[in-house]
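Trainee: Could you build the full structure based on these sequences and the hints that come with them?
Listed here are the chains, written in short residue letters.
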Amino acid sequence: MESANSNRPVVELSGVSKVYPGPPPVVALDSVDLVVSRGELVAIVGPSGSGKSTLLHVMGGLDRPTSGDVAIDGVDLGALNDKGISGLRAHSIGFVFQDFFLMEGVDAVNNVAEGLVYRGLGRRERRTRAVAALESVGLGHRLDHTPAQLSGGERQRVAIARALIGDPAIVFADEPTGNLDSATSDEIAELFTRLNAGGSTIVAITHDLEFAQRFPRMVSLRDGRTVL
Amino acid sequence: MRSRLRPIDLFALSMRGLFARPFRAVLTSIGIGIGIAAIVAVIGISASGRAALLATLDDLGTNLLRVTPGAGIFGQAADVPEDAVAMVARIGPVEDVTGITIVDATVRRSDFVSKLDTGGLTVVSATPRLLEVIRGDVADGRFLEDGLKAVPVVVLGSTAAERLGIRSVVPAVRVLIGDEWFGVTGILESFPIHPDLDRTVFVSYESAATFLDGKPEPTAIYVRANPLSINDVAEVIPATVAPEAPDTVEITRPSDALVARKAADETLTSLLIGLGAVALLVAGVAIANIMVMSILERRMEIGVRRSLGATRRHIRLQFIVESMALAGFGGLAGVVLGAGITVGYAANRDVMVSIPMAGIAASVGAALALGALAGVYPAVRASRIDPAEAVRR
Ligand SMILES: Nc1ncnc2c1ncn2[C@@H]1O[C@H](COP(=O)(O)OP(=O)(O)OP(=O)(O)O)[C@@H](O)[C@H]1O
Ligand SMILES: [Mg+2]
Numbered sequence: 176m177e178s179a180n181s182n183r184p185v186v187e188l189s190g191v192s193k194v195y196p197g198p199p200p201v202v203a204l205d206s207v208d209l210v211v212s213r214g215e216l217v218a219i220v221g222p223s224g225s226g227k228s229t230l231l232h233v234m235g236g237l238d239r240p241t242s243g244d245v246a247i248d249g250v251d252l253g254a255l256n257d258k259g260i261s262g263l264r265a266h267s268i269g270f271v272f273q274d275f276f277l278m279e280g281v282d283a284v285n286n287v288a289e290g291l292v293y294r295g296l297g298r299r300e301r302r303t304r305a306v307a308a309l310e311s312v313g314l315g316h317r318l319d320h321t322p323a324q325l326s327g328g329e330r331q332r333v334a335i336a337r338a339l340i341g342d343p344a345i346v347f348a349d350e351p352t353g354n355l356d357s358a359t360s361d362e363i364a365e366l367f368t369r370l371n372a373g374g375s376t377i378v379a380i381t382h383d384l385e386f387a388q389r390f391p392r393m394v395s396l397r398d399g400r401t402v403l
Numbered sequence: 003m004r005s006r007l008r009p010i011d012l013f014a015l016s017m018r019g020l021f022a023r024p025f026r027a028v029l030t031s032i033g034i035g036i037g038i039a040a041i042v043a044v045i046g047i048s049a050s051g052r053a054a055l056l057a058t059l060d061d062l063g064t065n066l067l068r069v070t071p072g073a074g075i076f077g078q079a080a081d082v083p084e085d086a087v088a089m090v091a092r093i094g095p096v097e098d099v100t101g102i103t104i105v106d107a108t109v110r111r112s113d114f115v116s117k118l119d120t121g122g123l124t125v126v127s128a129t130p131r132l133l134e135v136i137r138g139d140v141a142d143g144r145f146l147e148d149g150l151k152a153v154p155v156v157v158l159g160s161t162a163a164e165r166l167g168i169r170s171v172v173p174a175v176r177v178l179i180g181d182e183w184f185g186v187t188g189i190l191e192s193f194p195i196h197p198d199l200d201r202t203v204f205v206s207y208e209s210a211a212t213f214l215d216g217k218p219e220p221t222a223i224y225v226r227a228n229p230l231s232i233n234d235v236a237e238v239i240p241a242t243v244a245p246e247a248p249d250t251v252e253i254t255r256p257s258d259a260l261v262a263r264k265a266a267d268e269t270l271t272s273l274l275i276g277l278g279a280v281a282l283l284v285a286g287v288a289i290a291n292i293m294v295m296s297i298l299e300r301r302m303e304i305g306v307r308r309s310l311g312a313t314r315r316h317i318r319l320q321f322i323v324e325s326m327a328l329a330g331f332g333g334l335a336g337v338v339l340g341a342g343i344t345v346g347y348a349a350n351r352d353v354m355v356s357i358p359m360a361g362i363a364a365s366v367g368a369a370l371a372l373g374a375l376a377g378v379y380p381a382v383r384a385s386r387i388d389p390a391e392a393v394r395r
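From first to last, the protein sequence lines are chains A and B. Sequential numbering from 176 applies to the first sequence in the working numbering. Sequential numbering from 3 applies to the second sequence in the working numbering.
No lab work stands behind these hints, which were simulated from the structure alone. One thing to keep in mind: the hints can contain errors.
To be verified - Okay, the calculated beta carbon distance ranges per label pair:
1. Met17/B with Pro184/A: 36 to 46 Å
2. Arg23/B with Pro184/A: 36 to 46 Å
3. Arg395/B with Gly313/A: 20 to 30 Å
To be verified - Take a look, some chain A residues computed to stay more than 10 Å from chain B by CB distance:
4. Val201
5. Pro222
6. Ser242
7. Asp251
8. Asp282
9. Glu310
10. Gly374
11. Leu403
Note that the structure is predicted; figures quoted are calculated from it, not measured. From the three backbone atoms N, C-alpha and C, an ideal C-beta is built for every residue, glycine too.
Mentor: Here it is in structure tokens:
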């Protein structure tokens, strides 16, 4: 099994810069080199405007760098067209957002199952796997609840289950606890730790240093550069 | 590793998008619904009318000719031989023939009405055969009969009866023609293709001769002929009825008037369908508008879908199918409404309902095509939304 090879890089950034073409132009990322290996749990911290979200989007193929190279799971994104990167997102990448971004009026199972829609899997299989994913985030008892019937922490768990359902090579979370109180944030941190122990590779942005310190690795960003 | 969206999931996705805002969906598709309803109703009513026309033509036959030894250049009628009718009857393919003669007299309800006031009604001598030749029906009483001959009685055309205020045949009812009182023995149904006969009061030739100084020469002749030879018959009639002045003979085919009227209706129908098409176009623009608005609102959803692996094409398809569904539902509702209008019309006019399936299929198809077309621009815009931008808070 490949999981034995825990040092294999899942994300490789080399000399990645991102300049938003103003006016005035904003250098959001400035020659970032970063490697995230399989099985890692990484926190990205930094002040507001330091380029965290931009970094996450570039790593996850939602955005293209202005210069530099990005590879996911050994695939060079620069060599892929939009369709190819979309395929990569469907199969190898999961996203979790601060605002959850769930479908209102749709129950938890179907929200999670939506994570497999662009893989062309059948409805029944999507559903079975969605139930399993919800159980893995501790929401086995909330399958039929709509987002409006769930607490903030529960909603974020649903979103995490949606990111995990396809068993991606890596999950990116942008401020996953930004809308949650500290007790709930702790639970999410614990969940990430547990999922990571189960084999998931996770990169999470956070403002919350306490949250970040529970992670084995922390990357600090300042003015678009990584600092040690 | 490719993104794949199964068609059934694409459809479900689009439906979900639609039903997430049901009120808006209904409002948006109303335009399409009305446009399609108008077109279907126009098609249906016109088709039902056509069916009714064919039934009427079938009933009345298209093989009837009306021959009038027309007015000469100076307005005087050509001399018509007294036995013109008998001569026409001798033409081979002629199946049936009868003449009528205008009587120079006015018909009144009483002495208090001036003798000069025609009331728009004509007094005509006719034979008992007339009704059969032109395939008319009696509404009340009887038509002229052989036994009545020189008795002072009349039969009224439907409009004539109405104008004289006579609704039914009762023994006491009389009308004054010239200075003679006539009993009323019958009232006719209106003739679909002989409106002039509706305004006519019929007397027998014998009565006309006896009481009204009526003449025997026909002023109009109705000829029923073998449909296959109808043109040949029309060709030889002028020389037969007016050997001296065949050019003054006018021959018409009363059923032609009905066909012509229908043709005029048909022009109107095309015009209405054109208007319906314009309404559809406007509705299509409205759909495109609403879709663009909806896409601006749904940037976040689009961003999330892209992050889940949707390609630009998947996003495009989702919104095009949504737009088609929007228009399709409107179209279906329109078809139901239009069919309802047609059925109501048909019931009201007592004609058979006829809604051409091809017309319905075409209008639903048009609605779907319109939806697809209206969806293209919004869908392309949706697919161009930058996913990284869309998921930023
Ligand atoms: N579309 C854009 N056009 C121009 N500048 C942009 C754009 N998006 C982001 N920026 C700028 O790029 C810089 C980095 O933004 P980014 O969102 O990555 O920061 P961040 O670290 O995630 O901040 P926060 O903690 O507030 O979320 C900021 O200065 C921001 O203003
Ligand atoms: Mg950010």
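Trainee: Checking each numbered hint in turn, tell me which of them this model violates, lowest number first.
Mentor: Structure breaks no hint.
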